[in-house]
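Student: Protein chains in written order, with our numbering: chain Y, 1 to 88; chain A, 1 to 601.
To be clear, the hints were calculated from the coordinates, so they are not data collected in a lab. Fair warning: this is a prediction, and the values are worked out from it, not measured in the lab. Each hint should be verified, as a subset may be incorrect.
To be verified - As a list, the in silico DSSO-like pairs of lysine-lysine whose alpha-carbon atoms are at most 30 Å apart: (1) Y:K53 to A:K488; (2) A:K229 to A:K535; (3) A:K229 to Y:K18; (4) A:K224 to A:K488; (5) Y:K18 to Y:K53; (6) Y:K53 to A:K229; (7) A:K535 to A:K199; (8) Y:K53 to A:K224; (9) A:K229 to A:K199; (10) A:K488 to Y:K18.
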Amino acid sequence: MPVHVELFGIPRQRAGLKELDVEANNLRSLFVELGRAIPQLVGVCLEDDGQLKPGYLANLNGRAFVTDTETRLDDGDSILILSADAGG
Amino acid sequence: MPTAPPGYHGRYLRVDLSARSAAVVSIPADVLRRYIGGSGLGTWILLQETADGIDPLSAAAPVLFVFSPLVGSPLTTSAKFAVMGKSPLTERINDSLSSSHFAIAGKKTGYDALLIVGAAEEPTCLVIEPHGASFESAEEAWGKSSRDAASILADRLGKGFRFAAIGPAGENLVRYATVSHDGRHAGRGGMGAVLGSKKLKAVAVRGDRATPYHDLDGLLALSKSLSQKSFGPATAKYRELGTAGNLLAFNRLAVLPTRNFQTSSFDGAAALAPEAMTLTHERTRASCAACTIGCEHIYHRHDNASGVRMEYENLFALGPLCGIDDPEAVLTASALCDELGMDTISAGGTIAFAMECAERGYLDVPTLRFGSGEAVLETLEQIGARRDVGDLLADGSRIAAERIGHDTADFAPHVKGLELPGYEPRALQAMALGFAVGTRGADHNRSGAYEVDFSAEFDRLNAGAEVVEPAIETEDRAVLLDSLILCKFLRGVLVNYHAELAEMLNLVTGFGVTADELRVASRRIVTAKKWYNMKQGWTPSEDVLPARFLAQPLPQDAGPSGGAVLTRERLNELVAAYNLARGWDREGWVPAEQLRELGIE
Ligand code: SF4
């Protein structure tokens with residue numbers, strides 16, 4: 001099912017786009033599909049095994065930050081990928 | 001005089017501007033070990049040198065420039081100094097850090113700190129060299145920006161000096177005036193006004209007194225590896241986008257304070273983000289002295305006026321907080337704050353507050369409306385000169401609200417008088433706790449509790465007691481960096497935080513401190529700051545947020561933070577839990593026994 005992915009900061013810079021839809025039903029499959037769709041994110045914010053790299057966070061629909069790669073995703077969900085360091 | 005540990009001179013210079021005299025004061029080696037340097041050492045000196053209940057703008061009030069054991073070393077980001085004293089904005093302890101060659105030259109004068117009391121009769125430049133202090137007229141620099149003042153004084157004094165100077169805002173006692181060198185500012189809490197009250201336009205430093213290192217080879221090797229790591233992915237965001245790279249993510253999460261905290265997302269954010277501004281404005285990069293990260297992004301305005309350093313905090317405060325979506329207006333307002341020598345966060349926060357007052361009919365200034373860039377620029381000028389409504393606003397939002405009356409204190413955006421930085425506390429509730437208990441007021445550099453909110457383990461919209469320990473940990477970590485002093489943007493590079501910092505300190509000083517000793521030092525310094533505040537009149541009622549944050553939920557249309565509520569009861573519970581976790585009583589009073597245990601008194 002399509003899940004909306006929004007990229008912020010360095011992932012957006014590297015990807016050259018700010019959002020896209022990917023087919024995924026949990027966080028792990030989303031990261032894998034995202035890596036396939038935008039290979040330049042692997043090694044930047046994505047590990048090559050379906051995980052986020054340290055220093056990055058995923059957020060579900062702008063509310064909760066999520067790390068459990070088994071987190072179930074539904075049609076229409078948005079996953080935001082952003083830097084964990086929010087220092088200003 | 002006993003020999004100081006490597007990395008230190010073991011003394012500070014106490015200058016009396018009234019008497020035009022200076023005296024050397026020894027610092028015991030055990031104090032250096034226990035308080036380290038920067039904010040920590042400065043707190044210890046202030047505790048020795050400050051009378052209880054002192055008026056921060058009186059001649060007797062001390063202002064302090066503090067260096068650290070790491071200054072001048074090859075460790076990246078270590079060229080920092082603290083400007084400290086009692087804040088005229090908060091009436092509480094203030095430690096404002098800055099980063100420039102002033103730190104390196106200042107330490108080479110042969111002192112670990114420069115303490116200044118008294119007041120000059122005429123505009124003065126205090127000149128510190130290894131042989132002591134001299135007092136030069138600064139008449140011709142008075143009224144100038146810090147940059148122009150430094151240039152005028154440099155022409156007169158000769159080569160090799162570095163100047164920390166105030167602008168017109170400091171001269172006019174704007175309570176959030178900065179002390180600046182080379183475009184970098186000791187920004188928060190109004191230490192510039194303290195210099196202004198002493199007619200002290202600038203402090204000039206020059207010297208040749210290097211301090212030895214305990215293990216130079218080890219230090220060089222570690223510095224090299226730290227510099228290499230600092231080029232890595234952990235700091236890419238700062239290098240490529242700067243701190244302004246927070247803007248779009250904060251807006252999407254709806255934690256971006258907008259129109260004086262009336263809401264937390266801003267329609268105009270996209271135009272202000274660095275991702276957009278790099279397409280519309282020429283941009284160059286720079287870094288502080290001795291820094292390999294280089295987070296500074298300087299944008300050039302369309303009229304080819306000088307470049308403007310753009311960081312998240314000045315962007316948020318002079319942009320969304322005032323409802324401004326025009327990048328040129330924000331850049332010009334930032335440049336004006338630099339020119340006048342004013343803290344951008346307090347300036348933006350106070351103007352946003354005034355805009356809301358004017359829109360509600362409490363302030364008769366028809367031009368002050370959210371979204372008006374012209375109004376922001378005009379009001380900044382008025383504040384810097386203490387002219388028209390600027391005279392009221394130069395005292396900050398807390399005092400302005402007291403004078404305006406009605407219910408305006410409910411939405412004056414400050415804690416202890418210090419205007420909030422760009423983190424909406426109803427939607428970042430661990431940060432709300434950090435703001436409430438902060439010894440210098442609402443501040444994101446003293447508490448990094450937003451890290452707790454930006455975590456999968458905690459609920460940023462519904463914080464409970466579980467956030468207290470991790471919030472304390474961020475505060476303790478910050479105070480350690482502020483005492484060593486190193487840049488906070490190194491955080492992501494450190495894997496074994498305390499152990500790595502202990503190693504750096506040990507290579508310089510030979511102290512042989514452990515990670516645990518540094519943890520205790522952090523607690524000691526946080527507690528010593530609190531003790532200072534208690535001596536200056538702190539009461540538990542000030543560890544709170546303004547009523548707006550505790551009585552009004554965020555609007556339902558505030559995106560994913562819509563409807564967020566932080567009740568007074570819940571914040572009070574968080575503050576009580578914080579106090580107890582620190583070993584203080586429930587209200588926050590520090591027991592005498594703990595002061596003794598930590599060696600504070
Ligand atoms: S990372 Fe930025 S703020 Fe920190 S020392 Fe370097 S340039 Fe200065």
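Student: All hints, please: hold or fail.
Tutor: Structure-based check of each hint:
no.: 1; hint: Y:K53 to A:K488; verdict: holds (21 Å)
no.: 2; hint: A:K229 to A:K535; verdict: violated (43 Å)
no.: 3; hint: A:K229 to Y:K18; verdict: holds (28 Å)
no.: 4; hint: A:K224 to A:K488; verdict: holds (19 Å)
no.: 5; hint: Y:K18 to Y:K53; verdict: holds (19 Å)
no.: 6; hint: Y:K53 to A:K229; verdict: holds (16 Å)
no.: 7; hint: A:K535 to A:K199; verdict: holds (27 Å)
no.: 8; hint: Y:K53 to A:K224; verdict: holds (25 Å)
no.: 9; hint: A:K229 to A:K199; verdict: violated (44 Å)
no.: 10; hint: A:K488 to Y:K18; verdict: holds (28 Å)
Checked against the numbered hints above, the structure violates hints 2 and 9; every other hint is satisfied.
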